[in-house]
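Participant: Residue-level listing of the chains:
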Amino acid sequence: MPPPEHRLNITPAGIPRATILIVPPLFDEANRLRRTLALAMRALAADGFAAVLPDLPGQNESLVALDAVDLEQWQDALATVAAGIDGPVVIASVRGGTLLDHRANAAAWWRLAPVGGASLLRTMMRARVTADRQAGIESSLDSLQEAAKTAPLLLAGNLLSAAMVAQLGSADARPVAPLRSIGLGADGIAGTPLWLRAEPGEDAAMASAIAADISAWIQTCGIS
Amino acid sequence: MTDSTTVDATLRALLADVLGLGEERAAALTVDSGLFGELPEFDSMAVATVLTEMEDRLGILIDDDEIDGEIFETYGNLLAFSQRKVAD
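From first to last, the protein sequence lines stand for chains A and B. When we follow my numbering, the leftmost residue of the first sequence carries the number 1, and every step to the right adds one. When we follow my numbering, the leftmost residue of the second sequence carries the number 1001, and every step to the right adds one.
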């Protein structure tokens, strides 16, 4: 058994009103948003909530090799984290994180800018094709898709197992309840899609807006 | 979304989001502004992200074989490509 994964825990003074389990975006997008998510966690803690951001097996400080895991194992890992938390759990997932959050037990779910796995996979495959072309290697989305059926595929620095590629290709966020699903903009969170940004940035105002929206949703659900 | 001004505005906003250009730099892009190879932020992952976002925001589908180096050479080339795809 590999050791348990590292978690970023930010706790309030006193007993938490509830614990917010943060499911970050996947791969590069997680790095680009991490700073803003950490700021949102601090804002949640200031509002009396505990906030937990776990490493997925094969990501960040994990000792597990990325090509040894797949999407279903990530879903199970999150379910295990949720099951180990005392008191009410509210899951807040972002982008590709929304593909992982349905197996865990929670009192409520909050999703920001959900994205299908096929779209994430397509972007990473395109980055590989573009990089290949610069190196004078012919590749295409089709040839990569074919290669991924039998062997791990290196996409934008991520060595993905055949199972991961197959599962990502057909993954969509699953129904959960009660759920608040929102995007960016006038009807959602004010801010820019930092997860797309070529160079990581941060947005404290966006982090506060995220925390405030999660907090309001928890009250609407009558959880705390 | 077929209006050419809308395509231009969508594309500028998209490049601002992906490259972190800020509104001013995005608004200052001209048809001759160099992109891939000229803006340091524009790496292969950024190219891929721009393509996926173009599909989402402009409601188009871009095939592998439609993408050559020229599209990303200048803002004008990218805009012309987008407008052609939207009109299709």
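Derived by calculation from the structure, the hints in this document are not laboratory data. If you're wondering where the values come from, they're calculated on a predicted model, not measured in any experiment. Cβ atoms here follow ideal geometry from the backbone N, Cα and C, with glycine treated the same way. There's no promise every hint is true.
[Stated by the list, open to error] What the simulated footprint calls covered on chain A by chain B, stretch by stretch (three residues with Cβ under 8 Å from a Cβ of chain B suffice, anywhere in the stretch; the number is not a length):
1) 80-87
2) 190-197
3) 211-219
[Unchecked claim] A short list of chain A residues far from chain B (calculated; beta carbon distances all over 12 Å):
4) 3
5) 135
6) 223
Participant: State for each hint whether it applies.
Facilitator: Here is what the structure says about each hint:
1. Residues of the stretch 80-87 of chain A with a Cβ under 8 Å from some Cβ of chain B number 0, which does not satisfy the need for three, so the listed coverage is violated.
2. With 4 residues having a Cβ less than 8 Å from any Cβ of chain B, the stretch 190-197 of chain A passes the three-residue criterion, so the hint holds.
3. Counting residues of the stretch 211-219 of chain A whose C-beta sits closer than 8 Å to any C-beta of chain B gives 0, which falls short of three, so the coverage hint is violated.
4. Taking the minimum C-beta to C-beta distance to chain B, about 31 Å, the non-interface status of residue 3 of chain A holds against the 12 Å cut.
5. A cut-off of 12 Å between C-beta atoms contradicts the statement that residue 135 of chain A is not in contact with chain B; the least separation is 10 Å.
6. With a least CB separation of 33 Å from chain B, residue 223 of chain A remains clear of the 12 Å interface cut-off, as annotated.
Hints 1, 3 and 5, counting from the list given before, are not met by this structure.
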